[in-house]
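Peer 1: Protein chains in written order, with this note's numbering: chain A, 1 to 551; chain B, 1 to 169.
Treat the hints as calculated values from the structure; they're not laboratory data.
Incorrect hints may have been included.
[To be verified] Straight-line C-alpha distance at most 25 Å; calculated PhoX-like pairs for lysine-lysine:
#1 A:K104 with A:K49
#2 A:K462 with A:K488
#3 A:K488 with A:K535
#4 A:K78 with A:K9
#5 A:K302 with B:K62
#6 B:K117 with A:K302
Quick caveat, the model's predicted, so the values are computed rather than measured.
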Amino acid sequence: MTVEELEQKQADEQERQRGLENRIYCCTAAGCVSSGADRLKQALTDEVKAQGLDGKVEVCGTGCMGLCSRGPLVRSSKDDALYGNIEPAEAAALVRGAAEDQEKLAPFRIDTTAPFFAKQEKIVLANSGFVDPEKLPDYIAAGGYGALARAITEMSPQEVLEEIKASGLRGRGGAGYPTGLKWELVARQPAQPKYVVCNADEGDPGAFMDRSVLEGDPHRVLEGMAIAGYATGAQQGYIYVRGEYGLAILRLQAAIKQAEREKLLGNRVLETGFQFRVDIRIGAGAFVCGEETALIASIEGKRGQPRQRPPYPPESGLWGNPTLINNVETFGNVPAIITKGSAWFSAIGTPASKGTKVFALAGKINNTGLIEVPMGTTLRTILFDIGGGVPEGGEFKAAQTGGPSGGCIPAEFLDTPVDYESLAKIGSIMGSGGLIVMDDTSCLVDVARFFMEFCADESCGKCIPCRAGTVQMHDILHRITRGDCHEKDLKILEELAKLLREASLCGLGQTAPNPVMSTLRFFREEYEAHIRDHKCPAGHCSFDGKDGGGR
Amino acid sequence: MPLLAERFTAQAAPPRDNREKLLERAMSRHRYSGDSLIEVLHTAQELYGFLTPELLTKIARKLRLPPSRVLGVTTFYHFFSLAPKGEHSFIVCTGTACYVAGAQGLLETLERRCHCKSGGTSPDGKATIAAARCIGSCGLAPAVIYDGNIMARVKPDQLNAELDRIGVQ
Numbered sequence: 001m002t003v004e005e006l007e008q009k010q011a012d013e014q015e016r017q018r019g020l021e022n023r024i025y026c027c028t029a030a031g032c033v034s035s036g037a038d039r040l041k042q043a044l045t046d047e048v049k050a051q052g053l054d055g056k057v058e059v060c061g062t063g064c065m066g067l068c069s070r071g072p073l074v075r076s077s078k079d080d081a082l083y084g085n086i087e088p089a090e091a092a093a094l095v096r097g098a099a100e101d102q103e104k105l106a107p108f109r110i111d112t113t114a115p116f117f118a119k120q121e122k123i124v125l126a127n128s129g130f131v132d133p134e135k136l137p138d139y140i141a142a143g144g145y146g147a148l149a150r151a152i153t154e155m156s157p158q159e160v161l162e163e164i165k166a167s168g169l170r171g172r173g174g175a176g177y178p179t180g181l182k183w184e185l186v187a188r189q190p191a192q193p194k195y196v197v198c199n200a201d202e203g204d205p206g207a208f209m210d211r212s213v214l215e216g217d218p219h220r221v222l223e224g225m226a227i228a229g230y231a232t233g234a235q236q237g238y239i240y241v242r243g244e245y246g247l248a249i250l251r252l253q254a255a256i257k258q259a260e261r262e263k264l265l266g267n268r269v270l271e272t273g274f275q276f277r278v279d280i281r282i283g284a285g286a287f288v289c290g291e292e293t294a295l296i297a298s299i300e301g302k303r304g305q306p307r308q309r310p311p312y313p314p315e316s317g318l319w320g321n322p323t324l325i326n327n328v329e330t331f332g333n334v335p336a337i338i339t340k341g342s343a344w345f346s347a348i349g350t351p352a353s354k355g356t357k358v359f360a361l362a363g364k365i366n367n368t369g370l371i372e373v374p375m376g377t378t379l380r381t382i383l384f385d386i387g388g389g390v391p392e393g394g395e396f397k398a399a400q401t402g403g404p405s406g407g408c409i410p411a412e413f414l415d416t417p418v419d420y421e422s423l424a425k426i427g428s429i430m431g432s433g434g435l436i437v438m439d440d441t442s443c444l445v446d447v448a449r450f451f452m453e454f455c456a457d458e459s460c461g462k463c464i465p466c467r468a469g470t471v472q473m474h475d476i477l478h479r480i481t482r483g484d485c486h487e488k489d490l491k492i493l494e495e496l497a498k499l500l501r502e503a504s505l506c507g508l509g510q511t512a513p514n515p516v517m518s519t520l521r522f523f524r525e526e527y528e529a530h531i532r533d534h535k536c537p538a539g540h541c542s543f544d545g546k547d548g549g550g551r
Numbered sequence: 001m002p003l004l005a006e007r008f009t010a011q012a013a014p015p016r017d018n019r020e021k022l023l024e025r026a027m028s029r030h031r032y033s034g035d036s037l038i039e040v041l042h043t044a045q046e047l048y049g050f051l052t053p054e055l056l057t058k059i060a061r062k063l064r065l066p067p068s069r070v071l072g073v074t075t076f077y078h079f080f081s082l083a084p085k086g087e088h089s090f091i092v093c094t095g096t097a098c099y100v101a102g103a104q105g106l107l108e109t110l111e112r113r114c115h116c117k118s119g120g121t122s123p124d125g126k127a128t129i130a131a132a133r134c135i136g137s138c139g140l141a142p143a144v145i146y147d148g149n150i151m152a153r154v155k156p157d158q159l160n161a162e163l164d165r166i167g168v169q
């Protein structure tokens with residue numbers, strides 16, 4: 001496909017979609033599927049046939065529409081309405097869409113002007129819920145691959161680099177390293193071949209953003225990778241996906257095949273001299289592989305153990321060659337920056353953290369689901385306006401960000417703006433975007449124990465501070481939750497935390513103490529209640545000396 | 001939805017003679033490169049359900065890797081299993097959201113009923129139970145993947161009912 005053909009295809013598909021009487025979008029992401037989205041989609045498809053509306057009404061599946069707690073979700077293009085908790089029995093009315101049907105459907109209608117929708121701003125998730133991830137023309141109609149076309153035909157690699165640098169985009173995997181600088185480091189390396197790696201090993205418990213992006217809009221990530229390849233001089237890309245994400249893997253495989261067939265990836269991208277291929281590497285269940293050097297080892301078919309840095313992957317990565325590693329969401333931002341310009345992007349967010357961030361809301365919160373907000377939005381807005389607050393009967397206690405590397409944020413910091421620096425200041429991290437809300441029935445000592453158990457289990461065993469330290473820390477936390485502990489243990493806990501932070505080889509061990517340290521900082525009285533009075537303020541832990549941890 | 005978790009579950013084995021050929025094809029597609037070890041192990045486990053010492057030895061020979069490296073990689077990753085799995089599988093998500101919503105209680109129910117620890121198989125071979133780190137369905141917490149299908153907002157009684165239905169002793 002040439003650039004002209006791409007533009008033609010975009011116009012054709014837009015024309016075709018405009019010609020339809022109605023297009024019904026069914027959310028077929030994991031959340032809705034387990035609420036019966038497959039049956040609903042089938043019922044809608046059957047109903048279109050039964051009413052003889054083939055060619056006039058089209059039913060298609062889409063990625064996550066966000067409001068998972070109201071699944072299955074359906075959007076109808078005719079009246080631009082979103083319906084939730086909808087049963088296959090309503091399929092006939094949805095397809096007909098006549099005036100009396102509208103009335104019947106009213107109770108299922110979701111108010112899209114509610115804060116949940118109004119306070120969001122979507123860049124990475126812009127297509128999620130609006131395009132069929134299995135259909136390339138859908139993505140092209142939404143402007144897809146236009147950024148790649150623009151980059152390789154109108155811009156030099158240096159210009160692409162400058163654009164990304166000017167946008168202020170920072171890595172969305174958690175640490176927030178400026179993306180443009182990373183690209184420049186790789187671009188500057190004289191060695192060939194170079195590689196572009198997409199880190200889709202989303203291992204943080206409580207995070208499902210990357211998965212939703214891959215399942216809902218796989219071409220966006222591929223396009224972002226190809227643009228990165230062009231800017232850095234790489235011709236080969238790898239996506240390292242968690243083995244648990246079966247649907248994401250299938251969608252990616254299909255997307256790569258489609259893109260190669262249409263010459264949007266492969267030897268002569270858009271009939272130019274630029275070549276870029278993408279291969280999938282499937283993870284095998286090791287959290288540490290989210291660390292970049294461990295991820296590289298895993299792609300090379302080895303045990304996923306990190307190594308000493310420097311040299312950093314931009315100098316010496318896959319097979320010793322310059323390698324660019326970015327997260328799914330980071331690549332997801334790239335096409336939009338190239339299309340709309342760095343000035344547009346950098347106008348969103350805060351001075352140091354530009355753009356938006358995707359969060360997965362879960363835990364004790366009314367609107368569980370996937371959201372995208374401008375950087376700098378306060379936690380209060382995210383949790384109470386968008387998230388709808390804690391379900392009745394509960395009282396907000398803490399929000400956990402950053403998974404096992406992050407911390408718990410108490411109520412008094414709810415007005416903290418969510419950006420890299422502000423979160424770090426209160427002892428947490430942005431992390432990849434898991435946001436879990438806990439109410440007064442959640443014991444934070446047990447949550448700290450849970451994360452430490454996770455880290456002890458997932459420690460790769462290469463360096464001793466992490467391998468032994470996490471086990472020791474877990475042992476103390478375990479004893480605290482059983483009331484088998486002394487005051488001095490808290491001191492040991494703090495000493496161990498310092499040791500792990502300073503002496504561990506990679507991020508896993510260095511950040512493993514974070515949940516403990518942040519709960520000790522804000523909820524020390526809970527620890528003390530466990531130790532002194534053998535009481536769990538949340539009523540979660542039992543102290544009858546029985547084995548079984550926090551239960 | 002079988003797609004998400006089909007890799008978790010023991011699959012119905014295709015005819016025996018075919019499997020060897022399929023594995024060979026996977027290795028030749030990667031030009032018998034040692035770098036493709038993890039990919040090849042994925043394929044082998046998909047075909048055979050679990051990895052036997054014979055299988056690992058064969059893969060080591062074909063990819064020209066020391067057997068120690070193959071075993072080292074196999075045991076490093078949670079995904080690879082060296083023991084056969086039960087007829088049915090229950091995978092309890094123990095991600096943070098599910099944990100807060102009571103996943104531990106679900107796991108304990110399964111362990112008690114199946115007389116085995118997480119990661120094991122009931123003595124009658126009916127059910128394998130496991131804990132997953134986070135299946136990314138946090139909006140549905142607590143979630144269990146039962147034979148590849150996600151069960152949402154699971155209560156221990158539901159698990160008991162399923163275990164009764166499949167006849168776990």
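Peer 1: Hint by hint, say whether it matches the structure.
Peer 2: For each hint, the structure was consulted:
no., hint, verdict
1, A:K104 with A:K49, "21 Å, holds"
2, A:K462 with A:K488, "29 Å, violated"
3, A:K488 with A:K535, "18 Å, holds"
4, A:K78 with A:K9, "23 Å, holds"
5, A:K302 with B:K62, "16 Å, holds"
6, B:K117 with A:K302, "29 Å, violated"
This entry does not satisfy hints 2 and 6, going by the numbered hints stated previously.
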